[in-house]
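So the protein sequences, as listed, match chains F and W. Numbering-wise (the working numbering), the first sequence opens with residue 1 and increments by one. Numbering-wise (the working numbering), the second sequence opens with residue 1001 and increments by one.
If you're looking for bench data, these hints aren't it; they were derived computationally from the structure. Note that the coordinates shown come from a computational prediction; the quantities given were computed from them, not determined experimentally. A few of these clues could be false.
Stretch by stretch, here's where chain W covers chain F in the computed footprint (C-beta under 8 Å, at least three residues) [as the list claims (entries may be wrong)]:
no., stretch
1, 86 to 97
2, 168 to 181
Chain F residues, not near chain W, derived (Cβ > 10 Å throughout) [claimed, not checked]:
no., residue
3, G20
4, T123
5, E135
6, E142
7, V148
8, R209
9, L212
10, A264
Here are some chain W residues pointing at chain F (derived, C-beta under 8 Å) [to be verified]:
no., residue
11, T1047
12, S1051
13, G1054
14, R1084
15, N1095
16, D1168
17, V1254
18, D1256
19, V1258
20, V1260
21, M1261
Idealized CB from N, CA, C, for every residue including glycine.
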Amino acid sequence: MGGEHASPAVIARSSLTQNGTAEAVILVGHVPGALGAPRTSEGRPAQSPGEIVLDESTGADVDDHVTVAGGSFTVVGLSRDTTLFAGIPFVFMTLVDAQQLVFQTDQVVSVVLVDGEVTSLPTGLVAVHSAAVAEDALKPLEGAVSSVDLVRALLWMVAAVVIGAVVYLSALERVRDFAVLKAMGVSNKNLVGSLALQAVLVALGAVARASLIQLVLAPGFPLKVTIPDRAFIQIPCFAVVMALVAGAAGMTRVARADPALAFAGAGG
Amino acid sequence: MTSLRVDKLVVEFIHNGYAVRPLDGLSFEVAPGELVALLGPSGSGKTTLLSCLGGILTPTSGAIHLGDTEVTKLSGRALEQYRRSQVGFVFQAFNLIPSLTARENVAMPLLLTGQSRAAALGRADELLAQVGLTDRASHRPSKLSGGQQQRVAVARGLGQNPQLLLADEPTANLDYIQVESIVRLLRELRDQGRMIIISTHDPRLLPIADRVIQMAPDHDQQETPTHQLSFAAGDRVFDQGDPSELIYTVEEGVVDIVRVMADGSDEPLNQLRPGQYFGELGAFLGFPRSASARAGSAVVLTAYSPRVFRERVLNNTPSVDAIQSDESG
C-alpha cells in the first residue's frame, strides 16, 4: 500500500446527546495515538474505551458524560475548529468503540488513513488525496457559498450606490462653489481630484470602520468567521477602485460646471 | 503699467432660435488705478462683459488685452492661469462656502492652486487684515453680516494680488452702512493701483467711479422731435437688436413685425395697420429692439420720442391689442 504511516479509522454520521438534547455529529474512530486522533485544545485524545473528545462547539466540558449512538462516554478532551458542513461537530473516540457503535464488529473500518504516497492498493479500495476530500466535503455547501458570494456582491453594489450618491449629491449641491473656484482659475484637474479624494476617503473610512466592527460581530456568529489577512489589503484596494467608479458621475458633473454660474443671480 | 483695452467686443447668444447681442461692438480702455463703473439695467450686458473680461466667457468677436496678454486668444491652462493670477472676482451673491470659516474661504482657492496650507492661511490672514476682518477670521459666513461677507469675498478675490478686480453688483445685497464699507474698500484698492471694474444699476455708486460706461442708451438726454417717415414696400423701419429710440404710429399702409431667427429666417409676429403703434416697450425700457419692423406696403409713419409719445399719444390712442404692442416692443 505504501506510505510512511497507515492507520484504519471509522467515519460515520451519528448523534450526540447531552443534557437531554440530541444533535447530529460526525463520529471518528481512530487508533489511539495514530492518524485520525485530534489535536486537543483542552484535555487529551481518547485512549481507552468509553473516552471521547468533542468539538468545542458542542458546549461540553472535560469530564462531562455524554451519549453517542446509545453509548455512554466520558469527555476527556475538546478540539477546536473541527466541524463539517458548516457546523456539524466532530466527535473522536477509539477505533474499537466506533466499530462497535457503527458496525457492531471489530472487523470493519471505513477508511485507512495514509500519511505519504500511496504506491499500491488492495483490490476494491480507492486512494483519495486529502485535498480532494476537503473539496468533496465542501460540495454540500456550494449553494450556501454561492449565496454568500451573491450577498457579498450585492453589498458591494449597495456600497457603490451609496458612495456614488454621496459624491454626486455633494457635487450637485456645491455646483456654484465649484463654479466660483473655476472662475478663480482652479483647474478641473484639482477640483475633480478633490472630489475623487473625497470618494476614496469615504470608502476607506467605511473599510476602516468595518474592520473594527467585525472584531465585535464575528464572535457572535453561529459559525466561525475567519477573515484572511489578504482581505485587509484586497478590500481597501477594491474599495478605492469602486469609489472612483461610483463617483465618476459626480466628478463628471463637476468637470462640466460652468464658471459663469458664479455670476448666477446677478441681473446684468 | 498694465492697462486694459477692450476693442469692438461682440457677444451673441442664440436663444429660442433667435440671436441676442448683449454686447455689440463695445470698446473702451481702463488705466491702472482707475475705477470704472458699468451702469445699466438688467439685461444690458454688464455681467456678460465682466465674464468676458474675467476669461469666463469667450466673446463672439472683438479683443480684450490686459497689458501684453490678449485674453480673447487664451484657452485651456493659459486661461486658467489668467483667471488665477491676473483677475480677481467679487460676486453679487458673495458665493462664500458656508461650511468654511472666513479664513478658510480666502485660503481655499490658494490651496487648490498648489500653495501649501501654511502659506495659503498666512496669505488669508494678510488679506483679512487688509479688509479689516482679522477679528472675524474664524467665523463662518452665516455669522457674518452681508457687508462682512462681501469683504471676505473681496479678500478672496485679492488672493493672487491681481491687477484687475471685477465686482458684479458688489453692493446689491447690502444696506447703506455696509455699502459705505465696501465703497471705502474699493477706493483703497483702486488707490493701490489696481484696475477695478464694477457693474451696478445703482446710480448712487457713480460718484466713486473715475469713469462710467453706460451699458444702455440714456434716453433722458435724447429728445428727437416728432416727425413723419415714409417707406417703400419691403423697406426695414428698424432691425432687431437696434437701439430703441423712437415709437412709431402707422398713418398709412401696413407694417410687418418679424423676429429674425439665428438661421436668418423671419418669424412673423404681427401686422399693424393705420392707427396702431409699435416699438414702445423697447423705447420705454431702454432695451434693444426685440424684433424687426418692415414696411409691408408703402407706409407713412409718425415717429415720437418716448416722452412725447406718452404725453400726446398713449392717453388718446384707441385701444391697442396688448399682445400686439408687446410683440412689437
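Hints, one by one, checked against the model:
Coverage of the stretch 86 to 97 of chain F by chain W is violated [criterion: at least 3 residues with CB-CB distance below 8 Å; count 0]. With 5 residues having a Cβ less than 8 Å from any Cβ of chain W, the stretch 168 to 181 of chain F passes the three-residue criterion, so the hint holds. The claim that G20 of chain F is not at the interface with chain W holds, since no C-beta of that chain comes within 10 Å of its own (minimum 63 Å). No beta-carbon of chain W is positioned within 10 Å of the beta-carbon of T123 of chain F; the least distance is around 81 Å.
With 10 Å as the threshold on Cβ separation, the claim that E135 of chain F sits away from chain W holds: the shortest Cβ distance comes to roughly 55 Å. Here E142 of chain F stays apart from chain W, with its beta-carbon at least about 51 Å from theirs, past the 10 Å limit. Against chain W, the non-interface label of V148 of chain F holds: every CB pair exceeds 10 Å, the least being about 41 Å. No beta-carbon of chain W comes within 10 Å of the beta-carbon of R209 of chain F; the shortest separation is about 23 Å.
Distance check for L212 of chain F against chain W: the nearest CB is about 27 Å away, which clears 10 Å, and the non-interface claim stands. A beta-carbon of chain W comes within 10 Å of the beta-carbon of A264 of chain F; the shortest separation is about 8 Å. Of the supplied interface hints, the one on T1047 of chain W holds, with its beta-carbon coming within about 4 Å of a beta-carbon of chain F, less than 8 Å. The criterion of a C-beta within 8 Å of any C-beta in chain F is met by S1051 of chain W, whose closest approach is roughly 6 Å, and the hint holds.
The beta carbon of G1054 of chain W is positioned within 8 Å of a beta carbon in chain F (closest approach about 7 Å), and the interface hint is therefore held. About 3 Å separates the beta-carbon of R1084 of chain W from the nearest beta-carbon of chain F, less than 8 Å, and the hint is met. Below 8 Å, beta-carbon pairs count as interface contacts, and N1095 of chain W has one with chain F at about 5 Å; its hint therefore holds. For D1168 of chain W, the suggested interface contact is upheld, since its CB lies about 5 Å from the closest CB of chain F, less than 8 Å.
Taking 8 Å as the C-beta contact cut-off toward chain F, the hint placing V1254 of chain W at the interface is violated, the least distance being around 37 Å. About 32 Å separates the beta-carbon of D1256 of chain W from the nearest beta-carbon of chain F, more than 8 Å, and the hint is not met. Because the smallest distance between the Cβ of V1258 of chain W and any Cβ of chain F comes to about 28 Å, over 8 Å, the interface hint for this residue is violated. About 24 Å separates the beta-carbon of V1260 of chain W from the nearest beta-carbon of chain F, more than 8 Å, and the hint is not met.
Using the Cβ-Cβ criterion of 8 Å, the hint placing M1261 of chain W at the interface with chain F is not satisfied: the shortest such distance is roughly 24 Å.
When each numbered hint is compared with the structure, violations occur for hints 1, 10, 17, 18, 19, 20, 21.
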